[in-house]
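J.: Residue-level listing of the chains:
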Amino acid sequence: MATMPDVRKDGFRLSMLLYDTRYRSITLQVIFLVLFAAAAWWLIHNTVENLKALGKDFSFGFLTVRSGYDINQRLIEYSSDSPHWRAFLVGLLNTLLLAALSCVTATVVGVLAGVLRLSKNWLVARLMTVYVETFRNIPLLIWILLIFAIMTESMPAPNAFRGENPASSMLLFDSIAVTNRGVYVPEPLFTRSLGNLDLGVFLVSWDLLVIIAVLLACVLANRALRKNAETVQNATGVRPVTWWKSLLIFLVPLAALKFALGFHLGLPELKGFNFAGGTHLRNSLIAMWFALTVYTGAFIAETVRAGILAISRGQSEAAAALGLRPGRIMSLVILPQALRVIIPPMISQYLNITKNTSLALAVGYMDIRSTLGGITINQTGRELEGMLLMMLTYLVISLVISMAMNLYNSSVKLKER
Amino acid sequence: MAVTFVRKEMLPQQPPPSSQVGPVRWVRENLLSSPLNIFLTLAAIYVIYVIIDHVGPWLMNSVWNAGSLAECRQILAGESGACFAVINDRWRQLLYGFYPSDMYWRPNLAMVLLLVAVAPVLFDKLPRKMIWFSAVYPFIAFWLLWGGSLWLPLAVIAGFAIGYAVFRGLSPMTNGALAVIAGALAALIWWFVAAAAVSDVLQSVIPLGIAAVPSREFGGFMLSIIIGVTGIALSLPLGIMLALGRKSDMPLIKMICVGFIEFIRGVPLITLLFTASLLLNYFLPPGTNFDIILRVIIMVTLFAAAYMAEVIRGGLAALPRGQYEAADALGLDYWKAQRLIIMPQALKISIPGIVNTFIGLFKDTTLVVFIGLLDPIGLSNAIRADSNWNGIYWELFIFIGACFFIFCFGMSRYSMYLERRLKTDHR
Chain P
1 MATMPDVRKD
11 GFRLSMLLYD
21 TRYRSITLQV
31 IFLVLFAAAA
41 WWLIHNTVEN
51 LKALGKDFSF
61 GFLTVRSGYD
71 INQRLIEYSS
81 DSPHWRAFLV
91 GLLNTLLLAA
101 LSCVTATVVG
111 VLAGVLRLSK
121 NWLVARLMTV
131 YVETFRNIPL
141 LIWILLIFAI
151 MTESMPAPNA
161 FRGENPASSM
171 LLFDSIAVTN
181 RGVYVPEPLF
191 TRSLGNLDLG
201 VFLVSWDLLV
211 IIAVLLACVL
221 ANRALRKNAE
231 TVQNATGVRP
241 VTWWKSLLIF
251 LVPLAALKFA
261 LGFHLGLPEL
271 KGFNFAGGTH
281 LRNSLIAMWF
291 ALTVYTGAFI
301 AETVRAGILA
311 ISRGQSEAAA
321 ALGLRPGRIM
331 SLVILPQALR
341 VIIPPMISQY
351 LNITKNTSLA
361 LAVGYMDIRS
371 TLGGITINQT
381 GRELEGMLLM
391 MLTYLVISLV
401 ISMAMNLYNS
411 SVKLKER
Chain U
1 MAVTFVRKEM
11 LPQQPPPSSQ
21 VGPVRWVREN
31 LLSSPLNIFL
41 TLAAIYVIYV
51 IIDHVGPWLM
61 NSVWNAGSLA
71 ECRQILAGES
81 GACFAVINDR
91 WRQLLYGFYP
101 SDMYWRPNLA
111 MVLLLVAVAP
121 VLFDKLPRKM
131 IWFSAVYPFI
141 AFWLLWGGSL
151 WLPLAVIAGF
161 AIGYAVFRGL
171 SPMTNGALAV
181 IAGALAALIW
191 WFVAAAAVSD
201 VLQSVIPLGI
211 AAVPSREFGG
221 FMLSIIIGVT
231 GIALSLPLGI
241 MLALGRKSDM
251 PLIKMICVGF
261 IEFIRGVPLI
271 TLLFTASLLL
281 NYFLPPGTNF
291 DIILRVIIMV
301 TLFAAAYMAE
311 VIRGGLAALP
321 RGQYEAADAL
331 GLDYWKAQRL
341 IIMPQALKIS
351 IPGIVNTFIG
361 LFKDTTLVVF
371 IGLLDPIGLS
381 NAIRADSNWN
391 GIYWELFIFI
401 GACFFIFCFG
411 MSRYSMYLER
421 RLKTDHR
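Here the protein sequences line up with chains P and U, keeping their order. With the first letter of the first sequence counted as 1, position 145 gets the number 145 in my numbering; the numbers rise by one all the way through. With the first letter of the second sequence counted as 1, position 190 gets the number 190 in my numbering; the numbers rise by one all the way through.
Honestly, I wouldn't trust all of these hints.
[Said to hold, decoys possible] Computed, partial: chain U to chain P, Cβ under 8 Å: (1) Thr41; (2) Met250; (3) Thr275; (4) Leu279; (5) Leu367; (6) Phe397; (7) Phe405; (8) Cys408; (9) Phe409.
[Unchecked claim] Which bits of chain P does chain U cover? Going by a derived footprint, with three or more residues having C-beta under 8 Å, they are: (10) 26-32; (11) 131-137.
Since the hints were derived computationally from the structure, they do not count as laboratory data. We put the CB at the ideal spot given by N, CA and C, even for glycine.
Given only the sequences and the hints, what does the whole structure look like? Please build it.
T.: Structure follows, in structure tokens:
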């Protein structure tokens, strides 16, 4: 017969707060909360006292004041008469532009390098190992400064392109000029432009919107076509040929659009002391973009390599036993599984790129850190508000990116139970 | 029917075809196995050729003795060549910043002792007694680098001794937790109230010490290593605490840890460093002002700790649940279970991530240039602005990059060694 030990019925004692596991966690949390609240109160109290001593108040009113400084790279209308919040917006857009450009190119470089590092070709694999190890083990800041120095110190000045027998010539059929003042690339021009859409804060070109809409429609149509082909294949076992239909779906609307808008490229030309026409990519943008690409590319290469290696050999052997060709094995068996391993670390690489754009300060790229966190703070003396706003902005960007990528991740994730 | 021919003896073995052995086979398999492979090989050879063609002569013609870039170019007389004279001229600055040159023995000694102090941590074959030196090393290093009175680091060490004495004295009389709290309190009181005064008094009675060097004279790789090593040493325990806090059952502690980790991971390190240099004066009582290097170390540590916490959380999550349950079944309490069962395994799983965080932290020490500290990059900017060396960049960045490469590559190799050594599965 089992005996139950007598449960002591004497009431609550103070020492139970520390020794009884039922109460201990509550005690600890209360102590922690008190300490935390005290620290927070201490910090806020100090801040209030310090602000009072300096004769400052805490307000974001400075954002509507005239900024009085120029920004050399702007995606939206901005002048020195614009208010500070507009400078902030210009900086934010520059940050996002740089981050988006770098994410795309770093992915391309990284996937290529990662796959090549696993190549059977000994020489290529070694070469990629050297690339990955060199770029991973040297700080990003050195790469940024080095590329900026190469651009400004050893590229030809615009006047080297002048004359009958110029010292330098433009690349790609005279369309791209690499100078020590930056890179000039062709710009898209529209003879029958549709004008701009005024969003209140900034203008968006209708041409761009129409192009995006048409491209989206093409993609959707193509998807419908492929889905149809798949139903036919499932029903009859024979997949209808789709490649020329896909080609038509993309080419015809785009050709029509090009004609309707009168799309052509505006080439950069040497006028006076400098190039005119075309889009001017400043050295700061080039240096940041290139450095972020090759640096993060090395990290992404490692991620991709690890992802592919994580798929057990049995998978590729099973696929080979089923009679799949090597290319098919890669695209149908290895990559879909490797992608699940690759995506989560890839998210953090994209976040790293976004955060590393803040190094733009080193080469004078006008990102949010240089506009809001630099000149605006210096001019208005609002360090506290400016830094808080900036941190909040980075936080929101990071959260949005990780949320979007997590959504994508859960869509490709293995569905279990 | 007679058998016409029966072979009685084996034929002598033929050597394999020449295309299937030795270097020929290796080349055929690894470089020329398919058209794509041949193309890749040719492309790789071309890339290597271009690099050697450019870099070879440039390195061969290096000039090591010259006073300025103009002089270098004069010596080279139009040939392509590196001007490493800048390194020869400025390597002291790049290594030590503006540290007084007659005291270089101090950082040198600190560096040598650092190697002695980390050795028992890195390699468990060394005698365990050496760990005591590692424990005292931070005080020795602080005293050697910053100089000043010897009594200050001694007084700080005395705090630990006092705390321990109080703990030992009280533990027979009361229970463990109270003794720990009393010991900690005693040490804190000693540090904040008495330590500075006592060390001043002792210094005036028995002056012991070496010349003090202010923080603003620190620079170069010395600064990077100080910030990097301190950050590394502090961020691991802090990261472990944060990771445990995030996995804790107590909602309040979990909330605070999650908030801290996600905030730090969501903002760039630069903004935190600017907070340390610009905003700290707002958050502290009026008139407080503490050392900029210390502020940077705190910020870098907090930053790395948040990443570390996530890495370790990954290790904790990868541990099979049975390990936790087995620890509970053995009747171990929370801290014993963590110390004996969970952490050794979780940390082992997360070694690559931890070392990656360390490497990232060491590389991130270059960002202190933005708040005006003279790390190697800050000094390279200063050197490039000097009229003698205006226009030089490859040589400087190669030197700095190579130094960083040695450290970071060494760390990653060590992590691989450690992983191999701790591997207990039989795959």
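J.: So, for every hint listed, does it hold in this structure?
T.: Here's how the hints hold up against the structure:
1. Thr41: 6 Å, holds
2. Met250: 5 Å, holds
3. Thr275: 6 Å, holds
4. Leu279: Check passed: Cβ of Leu279 of chain U comes within 6 Å of chain P, closer than 8 Å.
5. Leu367: It holds, given that the least Cβ distance between Leu367 of chain U and chain P is near 7 Å, below 8 Å.
6. Phe397: 5 Å, holds
7. Phe405: Holds, because the Cβ-Cβ distance from Phe405 of chain U to chain P comes to roughly 5 Å (cut-off 8 Å).
8. Cys408: With a closest approach of 4 Å, the Cys408 of chain U hint holds.
9. Phe409: Result: holds, 5 Å to nearest chain P Cβ.
10. 26-32: Three-residue rule met by the segment 26-32 of chain P, so holds; n is 3.
11. 131-137: holds (count 4)
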